[in-house]
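Enquirer: Please take these sequences and the hints and turn them into a complete structure.
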Amino acid sequence: MTSKIYIPIDSTALSLGAEEVYRAILLESKNRNLEIEIVRNGSRGLFFLEPLVEVETNKGRLAYGPVDVSDVPSLFDSEFFLGKSHELSLGLTEEIDWLKKQERLTYARVGITDPIDIIDYEKYDGFKGLKNAIKLDPQLIVKEVTDSGLRGRGGAAFPTGIKWQTVLDTPSEKKYIVCNADEGDSGTYSDRMIMENDPFVLIEGMIIAGIAVGADKGYIYLRSEYPHALAVLNKAINIAKEKNYLGNNILGTNYNFELEVTRAAGAYICGEETSLLESLEGKRGMVRYKPPLPAIEGLYGKPTVVNNVISLATVPIIMDKGAAYYADFGVGRSKGTLPIQLAGNLKKTGLIEKAFGITLKELLYDFGGGSATGKPIKAVQVGGPLGAFLPEAQFDIPLDYEKFSEIKAVVGHGGIVAFDSSADMSKLARYSFEFCAIESCGKCTPCRIGSTRGMEVIDKIKSGKEQEKNIKLLRDLGDTMVDGSLCAMGGMTPFPVISALNFFPQDFGVEKKETSA
Amino acid sequence: MTLTEIQIKKIEQHVSAFKDTPGALLPLMHAIQDDLGYVPEDSYPIISKAYNLSIAEIHGFVTFYHHFRTHPVGKNILQVCRAESCQAMGGDEIEMYCKNTLGIDYHQTTDDNAITLEPIYCLGNCACSPAVMINDNVIGRVSKKKIDDIIQMTKEKS
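Protein sequences appear in the order of chains A and B. Number 20 in this note's numbering belongs to position 20 of the first sequence; there are no gaps in the numbering. Counting from 1 along the second sequence, just add 517 to a position and that's the residue number in this note's numbering.
Hints are computed from structural coordinates only; laboratory data are not their basis. The beta-carbon is built from N, C-alpha and C at its ideal position, and this holds for glycine as well. One thing to keep in mind: the hints can contain errors.
Here are some of the chain B residues that sit facing chain A, going by a computed Cβ distance under 7 angstroms [claimed, not checked]: (1) G540; (2) H576; (3) G577; (4) F578; (5) F581.
Expert: Quick look at the structure:
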């Protein structure tokens, strides 16, 4: 009997040696004359256990990990390929607590299937959403997405259905679907995981979006830092074309949809939708004024849906299982699930898809297992480099767009970066300004100049120079940036800076009372 | 640095390949850089003429994007992540170690032309910080030892 072994091809797994493990297992099986079929699957997102090797058995898939090349001979000695026990045995993959406690909707297939095997995709409910959608009037598709409560998962949390409705209602002979895959927020990797590990779900979501609003052309604007995702997406698009999911008369209907990937070029600001559109048009990624909204005048002045990867990749399950099914997850106005990405100084990092409402504490300690270094967790930054730093006193907060906004924090793209007690928050605050100075498009003065002045003011505070005066100046600068910038780059950079100052004044060399506004 | 005839020919081929592509500059610059290793400033007049753009517009475009370089680079590019998650896991030390070991700062190339050092802001490998990327390969949970291995590997290659 041939044994079936799964070895992930996700780039984080590869960054930990999955390719070397694959080669070693292949070689060892040849040397031992064993019949083994190896599937390169996506990663389950349990990165603390990667490279995670799985073996198919009649009870389900058994996991072994983290596997190092040096473990391969002993794995074969103990006949792991027959599902036998080894010191790296983790039991049934689906029963691993970390995974079992999740609610995987958007990521239902991630880690299970071979990312570019379209048959595998179809076998695990792939294209069911599209097949339902093509039978519906476009307005009913938009209604379904609206009713699901899905909000932009890129960070702005704008209701996806309302955006689609605007594009549907704007008459034009040409409309576009643009996928924002410029996942520049540090601490986030959920877009990358979808694109590398389940590219067809994104393609399916974009086709449905095209049908819903009347667009026949889509672009995936992909950050240049993701060469692996680029290769996977291009392969998947070609396969989808061959199978007539893309191209003319999709599945025998009158719908046409073309899709291509455009490589970005390393500008963080191009994750902002208007800047992204400028870049796609072959220009400098300068932020545009709004209005007009991209939904009315977007790419080349035409109505354009600009959605994040996760928003689009969530549409297929909504169209498959219905708006009510999806909306049933979550709390308040934060409906459905969020792919949370644990990063930074934590013992157990990885992707957790959970309904909104889970608290930071549960994520950091129950899932994350506390800090990697064993020191207390001092602060976390949620939602990327523009998100506020939260101290331990705020770890009880549930993940919920509105609850976060009440404390001037953002859920954003769901990335959580933890820092242990050795972190210097003033250094991180200074870095926020430095990052803004490097990445500002330069359009708004508060962002372009304020970011550099901000670094200088922090340096002055730290060196003890006229602290009271400079703290006041820093707060003023923050207000000017918030009020005087067109987009979130300048408008939110003060969030991490001011939160660091408010919660960790000692790191700036000042007493708590001196920092008050 | 003037361009060789082969380089000019390559640039012209890319320019004509994207002539009818909407938003051509982005894919064009990638094609040129992938092919030549950088976007030579001497390519601007060729692009300017073919696309009816001013040299200032092309210069403005190229210099806006961190990914594009206007100077040749070493045989390998080592990109060190400077973002928050990597900082939380000792990325600063890795950064310093790379600079000291190679004896160069960011945007510089070693004397033997083996490695160009570049900063990068997130590789999407934040679950396994600190991270670096050598050419197209991401390396997670980087230690000083791993940096030594990477440098050694590039030396053996060249």
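Enquirer: Answer holds if the nearest beta-carbon of chain A is closer than 7 angstroms to that of B/G577; otherwise answer violated.
Expert: With a closest approach of 6 angstroms, the B/G577 hint holds.
Enquirer: Should the hint that B/H576 touches chain A count as held when the rule is a Cβ pair under 7 angstroms?
Expert: violated, 10 angstroms
Enquirer: Classify the hint on B/F578 as holds or violated, based on whether any CB of chain A lies nearer than 7 angstroms to its CB.
Expert: Constraint on B/F578 satisfied, holds at 6 angstroms.
Enquirer: Would the hint on B/F581 stand, with a C-beta cut-off of 7 angstroms toward chain A?
Expert: Because about 4 angstroms separates B/F581 from the closest Cβ in chain A, which is inside the 7 angstroms limit, the hint holds.
Enquirer: Hey, does the B/G540 contact hint survive, CB to chain A under 7 angstroms?
Expert: holds, 4 angstroms
Against the hints set out earlier in the document, a violation occurs for number 2 only.
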